[in-house]
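Chains H and Z, in that order, give the protein sequences. full-length UniProt numbering numbers the first residue of the first sequence as 1 and each following residue consecutively. full-length UniProt numbering numbers the first residue of the second sequence as 1 and each following residue consecutively.
Mixed in with the good hints, there may be bad ones.
To be verified - Straight-line distance between alpha carbons at most 25 Å, and here's what the computed SDA-like set of lysine to any residue pairs gives:
no.	chain 1	residue 1	chain 2	residue 2
1	Z	208	Z	312
2	H	218	Z	390
3	Z	313	Z	292
4	Z	425	Z	210
5	H	218	Z	393
6	H	218	H	316
7	Z	313	Z	298
8	Z	208	Z	316
9	H	218	Z	268
10	H	218	Z	399
11	H	218	Z	398
12	Z	305	Z	363
13	H	218	Z	124
14	H	218	Z	212
15	H	218	H	357
16	Z	208	Z	428
17	Z	208	Z	317
18	Z	425	Z	324
19	H	218	Z	259
20	Z	208	Z	309
21	Z	305	Z	290
22	Z	313	Z	398
23	H	218	Z	419
24	H	218	Z	50
25	H	218	Z	292
26	Z	425	Z	279
27	H	218	Z	275
28	H	218	Z	122
29	H	218	Z	400
30	H	218	H	364
31	Z	313	Z	210
32	Z	305	Z	294
33	Z	208	Z	197
34	H	218	Z	123
35	H	218	Z	119
36	H	218	Z	51
37	Z	313	Z	419
38	H	218	Z	396
39	H	218	H	361
40	H	218	Z	46
Quick caveat, the hints were computed from the structure, so don't treat them as lab data.
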Amino acid sequence: MKKPIYAVATLAVAALTLAACGAAPEDEETAGGDTETTTEAADNSDFIGCMISDEGGFDDASFNQSGFEGLERAEADLGITIRSAESTDPGQYTANADAMVQAGCSLTIGVGFALEDTIQAAAEANPDLHFALVDSAFSAPDFSPVELDNAKPLLFNTQEAAFLAGYLAGGMTQTGTVATYGGQAFPSVTIFMDGFVDGVAAYNEAHGTDVQVLGWDKEAQDGSMTGDFTNTENGYNTTQQFIAAGADIILPVAGPVGAGSLSAASEHEGVSVIWVDSDGFEQESNAEYQDLILTSVIKLIGNSVFDTIDAAVAGDFDATPYVGTLENGGVDLAPYHSFEDQVPAELQTEIEDLREQIIAGDLVIESPSAN
Amino acid sequence: MSQLANPRLTPDGLLDEKAMAPVSWRTPIILGVISIVGLLAFVIFTHPGRISRIVVSRSADAIQIGTLHLPSQGSALVLLVVAFGLTGLSFWATLNRRRLGVIPIAFGIVMLFAFLIWAVAGNTGGLPLPLLLSTTITAAVPLVFGALAGVLCERSGIINIAIEGQLLAGAFLCVVVSSATGNPYIGLIAAPIAGALVGLLLAVFSIKYRVDQIIVGVVLNVLVLGLTNYLFSTVLTQNPQGLNNPPRMPSFAIPGLSEIPVIGPALFNQTVIVYVMYVVVAVLQVMLFRSRWGLRVRAVGEHPKAADTVGIKVNRTRYRNVVLGSAIAGFGGSAFVAAALPFTKEVSAGRGYIALAAMILGRWSPTGALAAALLFGFADSLNRVLGNIGSPVPYELLAMLPYLATIFAVAGLVGRIRPPAAEGKPYP
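In isolation and in its complexed conformation, chain Z is listed as follows:
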């Protein structure tokens, strides 16, 4: 045996089991540990006899379901039995070298529900599920637009760290223009212009002057922050009624769809910004992966020399993409102030960077970015909602939730990712 020339093959020429990639027990073990912790926290060390109330429909909804009254311990036990089942399934799948597929995601959802039932146990108000979902959407909207901006820029090979600045610039101009004109829709036209101007600076410095793209992006963020703070302190505070008093963006309910219980009002009774978001995600997904334009953009981002050889204007494509993407981010900035909220200093509060994480987690695709942004939006919304109903989790811990979700998602869920190959490299 030992003198075989190729140790990978058994004497009868078959591939040796031991020579195959080692079985990774990481995921099943993590799931098992989480299940045991969950069992201890949510079932064993919890007050028996408590009721978890979950408010399923709002008073304004067409279809009334009312409030669910679930026995906290029992429901958590059922969910944890499911969680242990999924853990067992993942051990079995790993042993047989099957793909885990949706098992970790299903596990996450089950554990989330167990956590929610535990967190609202004994709470008299109950968990307002429709509100949780609608604030998830509102929290996710700027992240989605920011992440789409990142996708468009990076697919063409330009790193856009300046999403934060573009969101902020968009919010600022949206407030000023819509306050001055009294029409929220004119503000929506102004917001992408502000974003595009920031994007133009990014493009000129990174494409024409070949400055390191990350440095330009960071500097632009500081620039926009300084500029908006300066204008806020000087111009806006002098005339708050005329320039910092945006009108409310009205919500439209889509007939039929908005009456779906639980998710209907959150998804289909929203401002025009949210509907634009759905359209932009769908259009970009199709355009980027199914159109000639998309193929060219991706070629420029992956192998600009090859693209140039077949006659694609590399830098012109990059200019267009950066400006278009930045305009999308600027449009997203208007979501911060859509509820007739005045502009305040640094209203974007670092969400441009979370959008960047959403883009990476979404693997540089529009629908992936949407899903990742919704995940972050949910974490943010959960933190608010649980904090407000008075949960047993201290608010300092809850406040970490969106960032913990970001780190876990980017570090744990993404796995092996591959950014566009020519990203960050000036051409030629």
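Chain H extracted, bound-state conformation:
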């Protein structure tokens, strides 16, 4: 009767080994999920820059990936030591933060709204270490804002760039209907949708048109959410429904789920997609659909991560929130690429003017999620 025990043991070992590989592919060990890579580019190797992903992982072709690229750039350009902990489910956030603290990280960056509580707790418990958090400020349990001396929020006024995308969509739609949907109703998601809705409304006001936006009600702060940031099939079905309802420009704000929108758009004539976070035209995974990407609402998370590390390495870490805007280039509208010839020159000029007005502060785009 010893056989079953061996079998269980073998299976368990095999499962654990393989699961370990899957959970943290860049890592040597699973529990802590940290990795060490030292380069001899510069002599800052005693500075340890660390990053924790949210459950999307560092290869999500979206904000985790952007953040990680900033960390990798800091490793290459500044010669710091980096460690990273990839989370595959929300239960790992706290353990990963502890692992980073124990690994002696000088600066730990959490990527995503979902890590707010984790980073805040770690920062409060370790006042001598530095922390940063992408996409969210810190708050007390009653939602009142909290400022910590050793934790820097990296925020983005994405609604400014999304407003320009909405204005563009208003001018480019042939059917008079555009649509947007999100992954989950996080402030960092709905801020895109708020700006987009306002942009379309501004176009309607300027041109006397009546372009409709499906999928988001800014007043009610309620709309279409696919429920997660992984299930592309939901993105595909949602987009099909919007196209059936007459929409011809879709803004998916759901990371990799946007691939479902591209697939659905490719089945219909004249439907285009506005990508988010990075320039979708340049994403290798979108190579087949480049002709469908009208533009992208980009959010340079990588730059803000790099700048934060750079300042910390130089010894002047500063916990005042970084807010990416059109003005400082933290958010932007990507080039039109394949649509360059199709966007009318007047519309391009109008968008340029609006960008100038926003930068000058003459035009303020409101959003409950703005910073």
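Chain Z: place on chain H using the hints.
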């Protein structure tokens, strides 16, 4: 009277009314409460004068019906009158000890329509009924294949918790093979192979090594999840164009049938995966309950010792069934990526477990599994469609819909069920 030897019998020898099983008023009372809540929500506390638009045909359909414009309050009132009628009928039936039969199901359908009319009241776009039905089918397909896999395994006495892992493995290999070859049908051949390999592990550990079947299943799910995540992060992200860019599975319209209004396009203008599903459900239903093979499989699942006594090879039957069932689940995994969708981490998103619930709700029969999977698919699709048209129900509540349907269905509708008797027990 009191000194009667048998209190169950009245003096003239007839069965005493009071000694019979007590009348259960549960169902009529539940229906009555739901009717009253529905009346309040959908008729009394609703905005009068609103119109509910229901889009009945798509622009591409052969027979155009157009859009129905129904006065929301009036239509909901009519439906609720029907609902109260059905409630009254159920009280009458209970009082007379009649079987309720289809009354609860009819009641559910009537209330569903009342809810839909309320949910789209005043919406300018209207409820896209054909889309609702076609996404129901696409959402149900992986559940149906997963539930069929469960039926095949459990009818032979092996619990298959690893359906989730089999769906995921199937989706993964389908994407990789069809991207590499550029032919979606070769991917469809690869998907069941991946499922069968997971099934083989399940079979070896649970039959040969007699490990607890639930534990093996759970471990296999974690194993497949870890393995596919690892390969996705390392191999697929290095070469997304070559390995994670599956071609689209074309749809075929069946002439005639696909022109039936409303249901035609949803049922008969689909990819080959859906047509395979119809065939597999029909074949398994007949084979399992009408063939010698099916009788043997059920014998092995119910009473393996008896089956062994008459010369049926119990463990060989179980091996075959587990591998075949797992291959079916693997095939179902290809449905996740049929619309030229790339593989993402955990693309199965827990639907293997919903498939397990569909199998139980379907009482371990292929057609039952189909019906249950369609119910879950409908809940899922309704959640999406209502969320996208902007319904008054907050999306967080809508997102709970498929799971609420699962819990209610398994807890409420199933009633007394009996799994195969030898399920989960190694033999000999």
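Which numbered hints fail:
The structure conflicts with hints 6, 9, 14, 19, 22, 23, 25, 26, 27, although it agrees with all the remaining ones.
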